[in-house]
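Trainee: Make the full structure from the sequences, and use the hints.
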Amino acid sequence: MSQTTAANLKETAGYSIEEGNAASRCAYIWAKKTFSTRAGKPGEPAQDLEGGFSNEVRFGAERLGIGSDGIGTKIEVAERVDRYDTLGYDLIAMVADDLVVAGFVPTNLSNIIDVNTLNYDVVDELMRGLHDAAQFSQIAVTGGEIAELGNRIGGYPGARMNFNWCSTAVGVLHPSLERPLSGANVRAGQAVVALRSPSFRSNGYSLARRVLTKAFGENWHTAPYTGVDADVMGQTWGDVMLAPSLIFAPGVSAVLDAGLPLHAAAHITGGGIADNFKRVLKNGVGAELDNLFEPLPAMAQLADLGGISPADAYLYWNMGNGMLLVTDANKAEDVAAELTLKGYDAQVAGRIIAEPVVTLKVGAGELRYQL
Numbered sequence: 001m002s003q004t005t006a007a008n009l010k011e012t013a014g015y016s017i018e019e020g021n022a023a024s025r026c027a028y029i030w031a032k033k034t035f036s037t038r039a040g041k042p043g044e045p046a047q048d049l050e051g052g053f054s055n056e057v058r059f060g061a062e063r064l065g066i067g068s069d070g071i072g073t074k075i076e077v078a079e080r081v082d083r084y085d086t087l088g089y090d091l092i093a094m095v096a097d098d099l100v101v102a103g104f105v106p107t108n109l110s111n112i113i114d115v116n117t118l119n120y121d122v123v124d125e126l127m128r129g130l131h132d133a134a135q136f137s138q139i140a141v142t143g144g145e146i147a148e149l150g151n152r153i154g155g156y157p158g159a160r161m162n163f164n165w166c167s168t169a170v171g172v173l174h175p176s177l178e179r180p181l182s183g184a185n186v187r188a189g190q191a192v193v194a195l196r197s198p199s200f201r202s203n204g205y206s207l208a209r210r211v212l213t214k215a216f217g218e219n220w221h222t223a224p225y226t227g228v229d230a231d232v233m234g235q236t237w238g239d240v241m242l243a244p245s246l247i248f249a250p251g252v253s254a255v256l257d258a259g260l261p262l263h264a265a266a267h268i269t270g271g272g273i274a275d276n277f278k279r280v281l282k283n284g285v286g287a288e289l290d291n292l293f294e295p296l297p298a299m300a301q302l303a304d305l306g307g308i309s310p311a312d313a314y315l316y317w318n319m320g321n322g323m324l325l326v327t328d329a330n331k332a333e334d335v336a337a338e339l340t341l342k343g344y345d346a347q348v349a350g351r352i353i354a355e356p357v358v359t360l361k362v363g364a365g366e367l368r369y370q371l
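Heads up: the sequence shown is residues 1 to 371, going by UniProt numbering.
One thing to keep in mind: the hints can contain errors.
With a Cα cut of at most 25 Å, we get these calculated DSS-like pairs of lysine-lysine [said to hold, decoys possible]: (1) 361 to 331; (2) 282 to 342; (3) 331 to 342; (4) 32 to 282; (5) 33 to 282; (6) 282 to 331.
Since the hints were made in silico from the structure, they are not lab data.
Mentor: Laid out in structure tokens, this is it:
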């Protein structure tokens with residue numbers, strides 16, 4: 001991406017994907033300097049998942065995955081709509097799906113809620129939703145903290161409680177795998193299976209809120225939503241943007257349980273398809289994706305409202321594709337069928353190629369992202 005394009009994207013969205021990636025690399029460099037403190041001891045970190053979605057720690061022969069994340073500014077939508085019982089799905093999806101793409105089955109989660117002033121009923125709604133999402137994912141919530149921080153925490157004025165919510169999850173390496181899925185075994189000729197995302201998940205909300213505010217004013221969350229899927233997504237833009245994340249971890253675990261081969265997987269969050277898929281496209285390979293799921297109608301409407309080009313929209317949003325799995329070409333239909341059996345929408349989306357570029361052949365045309 002050129003510096004000019006990056007600057008334009010930052011002006012449009014209010015943040016920069018490139019600067020975010022640079023800051024993450026900086027933080028990881030400092031974190032990596034601490035790995036030596038556990039070398040040869042229980043809790044020794046692995047180093048072959050660098051740049052991935054989660055990391056591995058070793059306790060003798062036991063390999064555990066660990067990852068942390070939060071909901072981000074989607075919280076403001078909940079504050080606007082005054083509904084909090086779905087955010088637990090977003091919180092778990094962000095960490096559980098980061099674990100499972102490396103082959104770790106999520107098992108436990110610890111969370112922290114930083115609030116301005118406590119409201120018992122809001123906390124009860126949040127934790128009820130977390131309970132439901134944990135039941136869906138077969139995860140035990142085994143730790144947590146609530147911190148009341150006064151004016152250090154801001155948010156939508158008039159909300160019952162302003163807060164930030166983050167978590168750390170751990171998981172165990174699936175027994176069918178000898179080592180985590182890092183992308184080291186990805187080769188040209190393998191197939192890519194896509195999992196459909198029925199919502200925005202928890203990414204790209206700063207851009208979405210900017211577009212909606214410009215189009216509908218400060219109370220954009222009450223503006224009518226007129227998409228063809230309004231009967232499913234809701235009648236207002238607040239409903240649409242609050243739709244919970246689908247947790248993919250149980251489906252990917254089922255693929256591994258069935259003995260089907262997985263060589264890599266990518267959780268499509270901030271940065272879109274290209275920026276996330278490149279984390280596991282190693283050995284100089286790329287991908288050609290010509291059968292992705294169609295963008296959600298709400299995403300298409302937002303792009304039109306904001307004058308956002310298809311290339312940029314596919315960088316900031318998942319555009320209806322929440323996860324990509326790499327498998328053997330002759331097993332791709334079996335992988336998609338197993339996921340469908342578990343209640344997910346899945347389809348063979350394309351193939352791995354020998355050129356280090358991600359090409360998306362979508363309704364808006366052909367989009368190329370150099371790796």
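Trainee: Holds or violated: residue 282 with residue 342, Cα cutoff 25 Å?
Mentor: violated (30 Å)
Trainee: Holds or violated: residue 331 and residue 342, Cα atoms, limit 25 Å.
Mentor: holds (17 Å)
Trainee: Taking 25 Å as the top limit, are the C-alpha atoms of residue 361 and residue 331 close enough?
Mentor: holds (22 Å)
Trainee: Residue 33 and residue 282: Cα distance at most 25 Å?
Mentor: Roughly 24 Å between the alpha carbons, so the hint for residue 33 and residue 282 holds.
Trainee: For the pair we were handed, residue 282 and residue 331, check the Cα-Cα distance against 25 Å.
Mentor: holds (21 Å)
Trainee: Verify the proposed pairing of residue 32 with residue 282, using a straight-line Cα cut of 25 Å.
Mentor: holds (20 Å)
In this structure, the one hint that does not hold is number 2.
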